[in-house]
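Novice: Letter by letter, the chains look like this.
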Amino acid sequence: MIVLTVNGTRHELDIEPETPLLWALRDEVGLTGTKYGCGIAQCGACTVHVDDQPVRSCSLSVGDANGTKITTIEGLSPDGSHPVQQAWIAEDVPQCGYCQSGQIMAAVAFLKAIPKPTDADIDENLTNICRCGTYPRLRAAIHRAAAATNG
Amino acid sequence: MGHIEPTSAALGRRDFLVSAATAAGGLAIGVSIPGMAAGLPLPGQTWDDDAPAGEVNAWIVIEPDESVIIRVAKSEMGEGVLTSMPMIVAEELACDWTKVRSEYASSNRNLLEQGVYKSMLTGGSSAVRASRPYLQQAGASARARLVEAAAKRWSVPSADCQVANGVVSHKATGRSLTYGALAGDAAKITLAQEPAIKTPDQFTLIGKPTARLDSKVKVTGEAIFGLDIRLPDMVYAAVTTCPVPGGTVKSYDAKAILGHRGVQSVVALPNGVAVVADRFWRAKQAALALPIEWNPGAGAGTNSAQFREDYRAALKGPLQNAKTVGDTEKALGEGKLIEALYEVPYLAHATMEPLNCTVHLQSDRLDIWMGTQAPDITMGLAAKTTGLKPEQIFIHNCYLGGGFGRRAINDELVQALAVAKTVGKPVKLVWTREEDMRHDRYRPQAAIAFKAALGKDGMPTAFTAQTAVGSIMQSIKGMLDFPMPPGVEPLAVEGLVNMPYAIPNIKVDAVLKNTHVPVMFWRSVGSSQNAFAVESFIDELAHEAGQDPYQFRRKLLEGKPDFLRVLDMLAEKANWSQKLPSGKGRGIAIHESFGTIVGECVEVAVDPKGKLRCERVVAVVDCGHVINPRNVEMQIESGVIYGLTAALYDEITVKDGAIEQGNFDSYQMVCLADSPKIETYLALSGGTKWGGIGEPGTPPIAPALCNAIFAATGKRVRELPIKNTDLGNRV
Ligand code: FES
Ligand code: FES
Numbered sequence: 219m220i221v222l223t224v225n226g227t228r229h230e231l232d233i234e235p236e237t238p239l240l241w242a243l244r245d246e247v248g249l250t251g252t253k254y255g256c257g258i259a260q261c262g263a264c265t266v267h268v269d270d271q272p273v274r275s276c277s278l279s280v281g282d283a284n285g286t287k288i289t290t291i292e293g294l295s296p297d298g299s300h301p302v303q304q305a306w307i308a309e310d311v312p313q314c315g316y317c318q319s320g321q322i323m324a325a326v327a328f329l330k331a332i333p334k335p336t337d338a339d340i341d342e343n344l345t346n347i348c349r350c351g352t353y354p355r356l357r358a359a360i361h362r363a364a365a366a367t368n369g
Numbered sequence: 025m026g027h028i029e030p031t032s033a034a035l036g037r038r039d040f041l042v043s044a045a046t047a048a049g050g051l052a053i054g055v056s057i058p059g060m061a062a063g064l065p066l067p068g069q070t071w072d073d074d075a076p077a078g079e080v081n082a083w084i085v086i087e088p089d090e091s092v093i094i095r096v097a098k099s100e101m102g103e104g105v106l107t108s109m110p111m112i113v114a115e116e117l118a119c120d121w122t123k124v125r126s127e128y129a130s131s132n133r134n135l136l137e138q139g140v141y142k143s144m145l146t147g148g149s150s151a152v153r154a155s156r157p158y159l160q161q162a163g164a165s166a167r168a169r170l171v172e173a174a175a176k177r178w179s180v181p182s183a184d185c186q187v188a189n190g191v192v193s194h195k196a197t198g199r200s201l202t203y204g205a206l207a208g209d210a211a212k213i214t215l216a217q218e219p220a221i222k223t224p225d226q227f228t229l230i231g232k233p234t235a236r237l238d239s240k241v242k243v244t245g246e247a248i249f250g251l252d253i254r255l256p257d258m259v260y261a262a263v264t265t266c267p268v269p270g271g272t273v274k275s276y277d278a279k280a281i282l283g284h285r286g287v288q289s290v291v292a293l294p295n296g297v298a299v300v301a302d303r304f305w306r307a308k309q310a311a312l313a314l315p316i317e318w319n320p321g322a323g324a325g326t327n328s329a330q331f332r333e334d335y336r337a338a339l340k341g342p343l344q345n346a347k348t349v350g351d352t353e354k355a356l357g358e359g360k361l362i363e364a365l366y367e368v369p370y371l372a373h374a375t376m377e378p379l380n381c382t383v384h385l386q387s388d389r390l391d392i393w394m395g396t397q398a399p400d401i402t403m404g405l406a407a408k409t410t411g412l413k414p415e416q417i418f419i420h421n422c423y424l425g426g427g428f429g430r431r432a433i434n435d436e437l438v439q440a441l442a443v444a445k446t447v448g449k450p451v452k453l454v455w456t457r458e459e460d461m462r463h464d465r466y467r468p469q470a471a472i473a474f475k476a477a478l479g480k481d482g483m484p485t486a487f488t489a490q491t492a493v494g495s496i497m498q499s500i501k502g503m504l505d506f507p508m509p510p511g512v513e514p515l516a517v518e519g520l521v522n523m524p525y526a527i528p529n530i531k532v533d534a535v536l537k538n539t540h541v542p543v544m545f546w547r548s549v550g551s552s553q554n555a556f557a558v559e560s561f562i563d564e565l566a567h568e569a570g571q572d573p574y575q576f577r578r579k580l581l582e583g584k585p586d587f588l589r590v591l592d593m594l595a596e597k598a599n600w601s602q603k604l605p606s607g608k609g610r611g612i613a614i615h616e617s618f619g620t621i622v623g624e625c626v627e628v629a630v631d632p633k634g635k636l637r638c639e640r641v642v643a644v645v646d647c648g649h650v651i652n653p654r655n656v657e658m659q660i661e662s663g664v665i666y667g668l669t670a671a672l673y674d675e676i677t678v679k680d681g682a683i684e685q686g687n688f689d690s691y692q693m694v695c696l697a698d699s700p701k702i703e704t705y706l707a708l709s710g711g712t713k714w715g716g717i718g719e720p721g722t723p724p725i726a727p728a729l730c731n732a733i734f735a736a737t738g739k740r741v742r743e744l745p746i747k748n749t750d751l752g753n754r755v
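Protein chains in written order, with our numbering: chain A, 219 to 369; chain B, 25 to 755.
Honestly, I wouldn't trust all of these hints.
To be verified - Computed cross-link-like contacts, DSS-like style, restricted to lysine-lysine with a CA-CA straight-line distance of at most 27 Å: (1) K445(B) - K597(B); (2) K475(B) - K739(B); (3) K679(B) - K701(B); (4) K445(B) - K279(B); (5) K713(B) - K347(B); (6) K334(A) - K701(B); (7) K701(B) - K330(A); (8) K584(B) - K445(B); (9) K287(A) - K747(B); (10) K287(A) - K330(A); (11) K279(B) - K123(B); (12) K408(B) - K445(B); (13) K330(A) - K713(B); (14) K334(A) - K240(B); (15) K633(B) - K747(B).
Treat the hints as calculated values from the structure; they're not laboratory data.
Build the full structure now, drawing on both the sequences and the hints.
Specialist: The structure is reproduced here in structure tokens:
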């Protein structure tokens, strides 16, 4: 039995330990905000926090995630009020929107580690793919969120 | 596992979708998410238990709480139609914009009401261009009926009533009523005469930078894409399609996987095999483990090097003439002759959301949940595939995780229906990224040859273009058929025949030649390769003539004020006349597509080893008028990055008939670190021009970039992607 605590709720899952966390979240737990883009840790659409660390959930098995605390986009805030979500809305970041759960989860973890990032920090650390090319707005939104959080 | 509410057979109800609603603290998904409409129920239908009472007309519902629901008959794939189309309606409706929500229109209703929503196809950057007049009319008509409803209640002439912000008032008597209170009456009113619609000088909402209506649901994970659909009793299907496009299955050994946990059945498809299981991951793992033998078909043994030779050879003729002005043969013999060959590869769409769809097939009804660019066409395809009548088919369009043309033909639907016929339950069929990339319908490969003659003043006297390229119309025949004008397929020569430069002798010829690799529309279609070729070659001519590429284009654009306005603003905003240090370069390109002129100037830095960095892009746009300037910026940025990815990195290549690339490790994407600073400016010509905006940002970026590389290094890139050219050891 695999035990995951997802957004504060405990789940016991009777599934193969090699199941990627991504599919367990989407198809077992029923949280579809976390997206599938590549399955090979290339795109970041599946980014969630595992014990507060950003992880590409397509490439972590539930066996390895057993016993951890997981936060998905649905658990970031009850109403979209997290400063990063607010910055995203203010900068009109999403286009198709498909990559954005992963972008936001990656950005939240990044800003926790580097609260006042430079452009170079952003370039080096945020490697999620956006096929709609929202990068200029992503960058602006990260700076906006950093400013909002740091006053 | 979240508890899923069982439902009755009333499958079309709007609140049927269970999606991510869970007992586990997940967000329950309501029915009012913009774009999550399940195809609105029709009055009088048995499954219609929540028909909106305040429907003023097919486009507009006003609820008692003053919410204004505006229906959108196009698909939201990032291009912003769920915001820009409601803006057009609301401009005339004079409602309170903060109360507006958008919702997809029903394709089923479109069928039953003889095209009340007109064409529901989203493509060709046409959403706003084609629908603006009738959307304005829908808004104006609803407003007039709301006014008349109020006037009737007050027994005053409607001409004495005023409207603003969703309220009708009668100044003389100080009375007012809200739209919400009037909607029911308004729906019953027949106007003696349709009101006139506003002219652009009267717009107050159109033209104002406006935030997207779908941002919030896209930052919370609430937005429902096709991949997120979950239905009671649903099974999952993973497919393996023949690696060689056009091939078929010879045999497979179902026994090898039937014992795997959760695996329920193996279904033979015309072009592959599907594995059905209780979970997607189980289906996918089993599909990978399934031993299959293929009949590769006509594509067997082919490869990209051979295709390249074949396209070059095809240029030798016979060719079909697409345009002739003057006598190029004579003129080419008289000036300084310059020749060049440009080549581009097949390209994948690589939408961020891999193709997928969910179907529930019953004897007399079919429900489809997916992201489609063309619900009408999807309906026709489903009817043809199942034998059901179109009116028995209900399409629940979702948010599209990218489209770029790909989601106009639903290959995934055909496969899902084949599976559904055998399982008798709702089926969700998902393509892995690898399936998606290897079974795309690609941007055609092409070889484009130019000749030009320069006169004594350095200006071109003759220009010929010959293209050897795949025919899209031939490739998509039977799946998506459009009437085409006689002569050369326009998609093959767009960007060549309409090259704006005033050259006295011009000839454009084409030879259309397909391989077994299917081709179709890819963001900006023919312009994607032809703009690269033409705008690079024009740059070559400028340098051959010893002239500044901006001034050279300027002279050739004399008498074209719209082009000149864009070009001049581009030179100014991009600081064209300012010198750059060694190792840096600036390149310029201008191209008209989908009714919009876009000029782009790129600044690059190339280090001595040849490492390239695209640092700055300035874009100037003339789309005539603008609905939402903010969205224009977003679409230009998006188009630039999309074109940049293709220019720098991407090619789909074939080995032994199969597509070699399968995922983002072999089909690289521009990422944040590669992404240049992008500035967008408007140089609007107004008048009767309403240009598209989803695609025109893409064509100029590749040539502007390659022209900048030439300025920095002296190296001319004549084949894409650029990664295949060594930019080190500058000339
Ligand atoms: S789906 Fe996990 S990184 Fe792409
Ligand atoms: S917004 Fe579409 S992929 Fe990022």
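Novice: Within a Cα-Cα threshold of 27 Å, do K287(A) and K747(B) meet the stated pairing?
Specialist: violated (42 Å)
Novice: Given the hint that K713(B) pairs with K347(B), does the C-alpha gap stay at or below 27 Å?
Specialist: holds (25 Å)
Novice: Within 27 Å, alpha carbon to alpha carbon, are K633(B) and K747(B)?
Specialist: Holds, at about 13 Å.
Novice: Under the criterion that the straight-line Cα-Cα distance not exceed 27 Å, is the pair K445(B), K279(B) satisfied?
Specialist: Holds, because 21 Å separates the two Cα atoms, which is no more than 27 Å.
Novice: Is it true that the CA of K445(B) sits at most 27 Å from the CA of K597(B)?
Specialist: Violated, because 59 Å separates the two Cα atoms, which is more than 27 Å.
Novice: What's the verdict on K287(A) and K330(A), does the C-alpha distance respect the 27 Å limit or exceed it?
Specialist: Holds. K287(A) to K330(A) sits at ~17 Å (cutoff 27 Å).
Novice: For the pair supplied as a hint, K330(A) and K713(B), confirm whether the alpha-carbon distance does not exceed 27 Å.
Specialist: Since the Cα atoms of K330(A) and K713(B) sit roughly 48 Å apart, the hinted pair is violated (cutoff 27 Å).
Novice: Within a Cα-Cα threshold of 27 Å, do K334(A) and K240(B) meet the stated pairing?
Specialist: holds (25 Å)
Novice: Checking one constraint from the list: CA of K679(B) to CA of K701(B), max 27 Å. Satisfied?
Specialist: Given that 27 Å is the threshold and the Cα spacing comes to 37 Å, the pair is violated.
Novice: For the pair supplied as a hint, K475(B) and K739(B), confirm whether the alpha-carbon distance does not exceed 27 Å.
Specialist: holds (19 Å)
Novice: Between K279(B) and K123(B), does the CA-CA distance stay at or below 27 Å?
Specialist: violated (57 Å)
Novice: Mind checking the alpha carbons of K334(A) and K701(B) for me, to see if they're no more than 27 Å apart?
Specialist: holds (20 Å)
Violated hints, listed in ascending order, are 1, 3, 8, 9, 11, 13; each of the other numbered hints is respected by the structure.
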